[in-house]
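Residue numbers (our numbering), protein chains in the order written: chain A, 1 to 363; chain B, 1 to 363; chain C, 1 to 363; chain D, 1 to 363.
In short, the hints are calculated from the structure, not lab data.
Certain hints may be false.
One copy or two, either will do: identical chains are not told apart, so a pair holds if it fits within one copy or between any two.
Pairs of lysine to aspartate or glutamate, DMTMM-like flavour, derived with a Cα cap of 25 angstroms [stated by the list, open to error]: (1) Lys115 x Glu197; (2) Lys7 x Glu311; (3) Lys7 x Asp353; (4) Lys115 x Glu71; (5) Lys115 x Asp36; (6) Lys115 x Glu33; (7) Lys182 x Glu96; (8) Lys203 x Glu96; (9) Lys203 x Glu264; (10) Lys115 x Asp188; (11) Lys115 x Glu272; (12) Lys182 x Asp99; (13) Lys115 x Asp353.
4 protein chains.
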Amino acid sequence: MSSEFGKILKVSVFGQSHGAAVGVNIDGLPAGEAIDLEELQRFLDRRRPGRNPLSTARSEADTPEILSGLERGRTCGAPLCAVIRNGDQHSQDYSELADKPRPGHADYTAWVKWKGHADMRGGGHFSGRLTAPLCVAGGIARQILARRGIHIGAHLDSVGMVCDEHFPLYPTPELFEAVAAKPFPVLDDVSGAQMQEAIREAKMALDSVGGVVECSAIGLPAGLGDPMFGGVENRLAAALFGIPAVKGVEFGAGFSAAARRGSENNDPFVVENGQIRTQTNHAGGALGGITTGMPLVLRAAFKPTSSIAREQQTVSLSARDNTRLQIHGRHDPCVAHRAVPVVEAVTAVVLLDLLLEGNHGTF
Amino acid sequence: MSSEFGKILKVSVFGQSHGAAVGVNIDGLPAGEAIDLEELQRFLDRRRPGRNPLSTARSEADTPEILSGLERGRTCGAPLCAVIRNGDQHSQDYSELADKPRPGHADYTAWVKWKGHADMRGGGHFSGRLTAPLCVAGGIARQILARRGIHIGAHLDSVGMVCDEHFPLYPTPELFEAVAAKPFPVLDDVSGAQMQEAIREAKMALDSVGGVVECSAIGLPAGLGDPMFGGVENRLAAALFGIPAVKGVEFGAGFSAAARRGSENNDPFVVENGQIRTQTNHAGGALGGITTGMPLVLRAAFKPTSSIAREQQTVSLSARDNTRLQIHGRHDPCVAHRAVPVVEAVTAVVLLDLLLEGNHGTF
Amino acid sequence: MSSEFGKILKVSVFGQSHGAAVGVNIDGLPAGEAIDLEELQRFLDRRRPGRNPLSTARSEADTPEILSGLERGRTCGAPLCAVIRNGDQHSQDYSELADKPRPGHADYTAWVKWKGHADMRGGGHFSGRLTAPLCVAGGIARQILARRGIHIGAHLDSVGMVCDEHFPLYPTPELFEAVAAKPFPVLDDVSGAQMQEAIREAKMALDSVGGVVECSAIGLPAGLGDPMFGGVENRLAAALFGIPAVKGVEFGAGFSAAARRGSENNDPFVVENGQIRTQTNHAGGALGGITTGMPLVLRAAFKPTSSIAREQQTVSLSARDNTRLQIHGRHDPCVAHRAVPVVEAVTAVVLLDLLLEGNHGTF
Amino acid sequence: MSSEFGKILKVSVFGQSHGAAVGVNIDGLPAGEAIDLEELQRFLDRRRPGRNPLSTARSEADTPEILSGLERGRTCGAPLCAVIRNGDQHSQDYSELADKPRPGHADYTAWVKWKGHADMRGGGHFSGRLTAPLCVAGGIARQILARRGIHIGAHLDSVGMVCDEHFPLYPTPELFEAVAAKPFPVLDDVSGAQMQEAIREAKMALDSVGGVVECSAIGLPAGLGDPMFGGVENRLAAALFGIPAVKGVEFGAGFSAAARRGSENNDPFVVENGQIRTQTNHAGGALGGITTGMPLVLRAAFKPTSSIAREQQTVSLSARDNTRLQIHGRHDPCVAHRAVPVVEAVTAVVLLDLLLEGNHGTF
């Protein structure tokens with residue numbers, strides 16, 4: 001535990017924003033799986049910065065070099081390590097920050113934990129840049145899952161006060177692909193336009209705005225996950241809180257379930273075409289931590305980008321006194337839309353891990 | 001992983017609702033810690049059923065027998081195993097349920113996972129009864145933490161649509177104690193009366209209602225937790241989703257942060273009395289997964305009790321056909337208020353685990 | 001980690017020699033497995049003390065009470081907790097020892113680690129008594145494995161300088177049963193008689209003697225275990241060193257392989273009856289940490305019982321000065337013969353854990 | 001688990017012998033530790049091939065590139081990933097081997113596990129080449145330990161039938177350095193000359209020979225390690241069996257303890273200069289899995305190199321029939337002398353991990 005997650009499939013992320021490289025080591029991938037590197041690159045491109053005026057101006061190719069674990073295009077059972085070199089860095093932008101922790105960032109907590117030894121240029125190991133190697137792992141997991149009929153999709157559920165629709169009861173792979181293909185990943189493009197406007201307004205106001213990502217997985221068998229602390233919700237939550245800026249995770253109706261009555265929230269079981277399903281899916285595909293076979297539905301709340309261009313109140317660590325801080329550099333006014341593939345990636349890794357572990361309920 | 005959580009301090013919960021006993025094995029407790037068994041019992045009594053008309057009629061003494069790990073009133077370094085015998089069971093109430101999964105319960109997923117071999121009488125291993133041994137572990141952890149100035153409190157943040165106040169910026173041990181001493185654990189008793197009315201109404205309507213529990217920990221040092229997947233949020237979330245009926249977990253401003261701007265959500269750093277603090281605490285005491293030294297604040301959403309007295313739609317597993325189900329037996333119309341000490345318990349265990357691991361940021 | 005081992009199947013041992021009880025919690029057992037409690041008791045009886053003049057005079061019924069996880073004779077997916085009450089204790093025998101650590105025991109290291117708070121009466125949590133709950137776990141695992149054609153047997157390979165034969169290239173279930181049925185578990189009864197004589201001589205000399213246990217498992221599929229640190233050898237070794245008094249573990253030819261040439265030690269592959277086997281089995285059934293499908297063969301070295309009746313040199317912890325110690329109480333002059341089923345038990349648990357994890361080499 | 005070990009300090013090894021690179025990701029290093037890269041290189045050079053006629057002719061520079069975790073020469077709290085590019089590969093040497101598993105190698109078990117998808121050129125992920133990144137991790141751990149007065153040394157205890165002396169009761173850092181500086185790492189150079197002669201003879205005979213490595217750690221505090229399965233012996237054994245070709249691990253007197261009497265094997269406690277020590281150290285520095293404060297002593301048995309130049313019996317996997325195999329390519333006639341720093345490296349990592357975890361016996 002730390003910069004690693006998974007049980008059978010272990011994903012270890014390394015690198016700092018302004019170091020030589022970021023990367024990921026994936027231990028436990030099944031052998032013989034073809035990995036389509038072009039498809040992987042297309043997935044990585046979905047989170048890549050510098051593509052539109054709503055994102056940071058930092059431009060990175062984000063092309064991973066795979067150092068091990070892949071032989072003639074197929075996984076070979078050995079750990080797969082992928083490295084993405086860091087290129088376009090402006091470390092001088094961060095010189096002032098060594099002494100003035102940015103509000104909302106890990107600068108202060110890293111300074112306390114590592115007694116001033118942390119490399120916090122550009123957020124260091126806490127940077128959103130670390131989501132690039134996460135997407136390498138997730139992009140590989142997605143390909144392996146898709147081959148088994150398990151598909152994962154996500155969209156921007158809200159930005160600020162503007163909400164998208166939720167996923168329908170039975171999302172399809174085509175719906176997931178359609179959303180993923182959009183430059184701005186929402187179900188309802190009218191809402192999407194309003195969200196983009198909200199982001200632009202925040203940017204103009206030298207400010208930022210938060211958002212929620214909704215993610216769904218279809219094609220999962222019933223029976224995955226273990227009771228109590230080994231459930232699909234426990235494992236997904238533990239991993240999702242590893243994405244920078246996530247402050248809340250919920251499944252199915254989530255927090256809104258707390259406002260409901262049981263007769264509204266319970267999902268009645270029905271037999272449809274010989275299959276046991278539920279008429280609604282407020283459970284979000286998991287009961288008792290174990291998958292029901294209905295679509296898995298989760299939401300992750302992203303706080304507004306901590307880096308804002310306005311002057312802010314902070315402290316000088318050396319003087320141990322109050323001071324003011326103006327953050328320069330390039331920053332997204334909203335991270336949530338770029339986080340959409342990241343949530344998919346983390347979900348894909350956790351689900352593949354659960355599938356590899358198998359439903360060992362019986363032997 | 002499964003019915004166990006923790007890294008240095010491992011807490012393993014066992015038992016079924018209608019089996020011989022439920023219990024907990026706690027491995028990794030520091031030695032030499034005095035455990036006040038009367039104080040422990042008072043803590044357990046806070047979640048005990050059968051105390052007021054809002055709770056299930058099942059009456060259990062819930063007095064743990066400690067089989068190991070405690071010698072002359074102090075922990076001795078060996079694992080501490082505590083057992084609570086099950087007494088007042090009405091297993092015949094559940095006979096119909098073997099074939100008809102109750103909506104919202106784990107009956108169906110357990111049936112799939114264990115191919116019909118699960119002991120699901122009274123919810124089996126998924127029962128809220130398993131929170132009793134969790135509270136044994138948490139009650140012990142609380143005593144050890146309190147001795148180091150770390151205090152944990154919780155209250156019912158909402159029931160249905162009725163909301164309590166949130167905790168103030170700096171809760172005190174006295175506030176925690178005052179709430180814990182109330183028969184209905186809220187900050188604002190007017191809201192509390194409305195919540196109780198909402199529960200009663202749901203009960204009268206043969207229905208149930210959900211709620212949210214807010215929990216806070218004060219006295220934590222800054223620097224606890226590891227980056228990315230080993231953070232205090234990751235570990236707490238993974239554990240909290242192990243409490244039956246939890247469908248969402250958030251820290252600090254949580255989901256509401258997603259609706260905010262950065263300038264509102266960022267917590268400015270200030271020096272107060274020579275100490276670095278934040279003026280607000282929307283981060284809920286953690287930045288980058290590492291504690292800031294501010295109060296830890298989290299919220300867990302509990303869905304409405306799945307067992308309701310109304311007839312419900314379900315399926316017959318044997319006939320693989322639609323059918324109707326009427327749940328008899330005794331059930332809480334709301335679990336959230338009894339869950340208040342359970343959330344405290346799980347939080348206490350995770351925090352003690354983190355403290356025992358130490359802030360090994362430097363050596 | 002600590003008093004727990006296993007990955008999918010987690011076995012947690014608790015209790016102290018002179019506490020209320022010893023026991024085990026087993027999390028992750030597959031559901032639907034019939035457990036024959038009489039067969040389990042027969043297995044436990046193989047390590048039970050007090051059966052012959054070579055063993056400690058302490059007499060315990062060692063009958064476990066199963067508190068959870070077993071419903072109508074079958075595992076039900078929930079953790080199985082079994083408790084063995086401690087009965088026949090003579091704690092007064094140990095009063096002097098609180099201040100004088102016994103050479104060869106964990107008294108001193110426990111005193112350092114737990115700053116004098118350890119319950120070391122009778123060895124406390126380090127006592128050989130803790131092998132009783134280990135045998136409960138192992139006895140259950142054996143039954144589940146046997147149903148899949150996997151059988152585990154062990155014998156006393158040596159006592160002091162007296163050696164038994166090694167297992168043949170292909171041991172049979174019948175051979176395992178025949179050895180297990182003997183009052184003194186050896187292959188060659190002539191050697192067995194000499195070993196017993198060696199134990200008696202040690203006892204007469206107020207001394208003790210060590211021994212080696214050889215254990216084998218047959219019927220394992222090829223392909224179990226992961227490379228490098230997740231191999232079958234790594235996991236078995238980690239678990240076997242948890243048995244009190246074990247100071248060495250080897251697989252196949254083990255240490256003797258180091259004295260050989262490659263041409264002698266390599267096991268040539270051959271096709272026999274359409275199956276790929278090796279002509280010899282110096283590898284002990286594992287190459288690269290992964291099972292070959294040949295019998296698994298391991299050996300564990302047990303040091304001589306640390307408790308001897310002779311006066312010994314030690315220190316007074318309170319006076320921090322040299323002193324003499326005479327250990328009274330009841331002790332085995334040799335633990336190795338009673339350890340035979342314990343080695344089988346630990347091996348069975350690790351192998352069942354590996355099997356449950358599955359050969360996830362491909363998906 | 002798999003190609004990773006450690007609890008607080010996680011070391012993940014990746015790469016295949018003939019892939020692009022081998023490397024290691026180290027998660028959990030304390031921050032602020034200066035790493036002397038020249039000293040690290042000198043340590044790596046001790047296992048480097050191609051230095052003398054006793055080793056494989058493969059020549060690799062083995063200079064790691066550190067991609068993350070090191071900032072201005074000091075660890076920064078983020079994971080440290082180091083990569084060693086593979087250069088001098090002769091993959092064509094291995095073309096025949098895809099169908100003919102080499103006796104003693106993991107070729108067959110990898111083929112079964114990964115259904116023919118393993119990259120086994122040069123042994124793939126099972127190659128001794130993977131010990132280079134292990135030595136990077138160990139070399140870093142050694143520097144951090146040495147700064148705290150903990151020193152680790154090792155020597156070749158035997159080759160074939162030729163034995164070196166054992167370490168003295170109290171080895172010194174100077175002794176460790178002196179052995180490490182020798183081209184052939186033994187205590188007694190006369191024995192060393194005989195060992196080299198034995199290796200040469202084996203090579204001349206187109207054969208190989210095994211050996212034993214003895215390793216010691218001095219300066220450890222008493223009280224490290226947890227009881228039963230979390231002990232220093234359990235963790236070291238689990239890690240040491242991850243070094244290719246290790247078939248046995250023992251501590252202190254190890255297997256020879258089994259041949260002794262208790263009165264000989266027990267280490268009497270004595271007070272010397274106010275410190276509690278033992279007069280002998282047959283326990284090898286651990287009692288009950290917890291360090292005594294005496295030097296830690298362990299031995300690892302290495303089987304003879306499986307690759308020998310003689311023709312050997314094997315099978316054709318495609319024809320499922322018997323065949324003959326002649327291994328070409330470059331191979332060490334003995335791996336044990338090059339394994340000396342590898343055993344030190346793995347020991348260093350495990351001990352640093354234990355130290356970072358801290359002696360949390362009390363709080």
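### Message
To test your reading of the hints: which numbers does this structure violate?
### Response
Going through the list in order, the structure violates hints 1, 2, 7, 10 and 12 and respects the others.
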